[in-house]
Amino acid sequence: MIYLGADHGGYSLKESIKKHLDERGIRYVDCGTDSPESVDYALIAKKTCDEIIKDKDNMGILCCGTGIGISMAANKVNGIRAACCSDYFSAKFTRLHNNANVLCMGGRVVGKGLANELVDVFLDTGFEGGRHQRRIDQLTDIENSQK
9 MIYLGADHGG YSLKESIKKH LDERGIRYVD CGTDSPESVD YALIAKKTCD EIIKDKDNMG
69 ILCCGTGIGI SMAANKVNGI RAACCSDYFS AKFTRLHNNA NVLCMGGRVV GKGLANELVD
129 VFLDTGFEGG RHQRRIDQLT DIENSQK
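Residue numbers (our numbering): 9 to 155.
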């Protein structure tokens, strides 16, 4: 399942991404926000990421004004590997090499057309594994040492 979340700065971009996912026939759950009224990105990231970590096959897309704040908040949740991307190469290789499970984008940085391209490459690219798995395991070890 794909879980979506955005604060007010990413609301419009999230709504555009929903239409794109509908066109592709991809199921998703919208975790908010439901309007352009001001909300705190950290709370939206937590709510969305709590759903994502329930199943290892879940993925997420989070949007705020820059994509940075919401990615920082998402990465505080154990099991989340969120990447803020604004270019095709980064969105592709964060899946291939980092096994990212959350794509973050800025509604004030990334246009709707580019956002759709980034969503597509992120969702359609699998994890390469191999030597990269060792590095993901190291990230998990760091994460677990902080508990």
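Certain hints may be false.
As the list claims (entries may be wrong) - Label-pair distances were calculated between CB atoms; the ranges are:
no., residue 1, residue 2, range
1, Phe97, Ile144, 12 to 22 Å
2, Met80, Lys155, 12 to 22 Å
3, Gln154, Glu59, 31 to 41 Å
4, Ser20, Ile150, 34 to 44 Å
5, Asn152, Pro44, 16 to 26 Å
6, Gly138, Asp65, 33 to 43 Å
7, His105, Gln154, 16 to 26 Å
8, Lys27, Ser153, 40 to 50 Å
9, Asp30, Gln154, 13 to 23 Å
Since the hints were derived computationally from the structure, they do not count as laboratory data.
Positions of the beta carbon are idealized from the N, C-alpha and C atoms, including for glycine.
Outcome of the hint check:
1. Between Phe97 and Ile144, the C-beta spacing of about 20 Å keeps the proposed range 12 to 22 Å intact.
2. In this structure the hint that Met80 and Lys155 lie 12 to 22 Å apart at CB holds, the actual value being about 19 Å.
3. At roughly 22 Å, the beta carbons of Gln154 and Glu59 sit outside the given window of 31 to 41 Å.
4. Hint check: Ser20 to Ile150, Cβ distance near 35 Å, so the stated range 34 to 44 Å holds.
5. The beta-carbon spacing between Asn152 and Pro44, approximately 38 Å, falls outside the hinted interval of 16 to 26 Å.
6. In this structure the supplied range 33 to 43 Å is violated for Gly138 paired with Asp65, their Cβ-Cβ distance being about 20 Å.
7. Checked against the given bound of 16 to 26 Å, the beta carbons of His105 and Gln154, roughly 23 Å apart, stay inside it.
8. Roughly 42 Å separates the CB atoms of Lys27 and Ser153, a value that falls within the hinted 40 to 50 Å.
9. Checked against the hint of 13 to 23 Å, the C-beta distance between Asp30 and Gln154 comes to roughly 38 Å, which is inconsistent with it.
Violated hints for the displayed structure, listed by number in ascending order: 3, 5, 6, 9.
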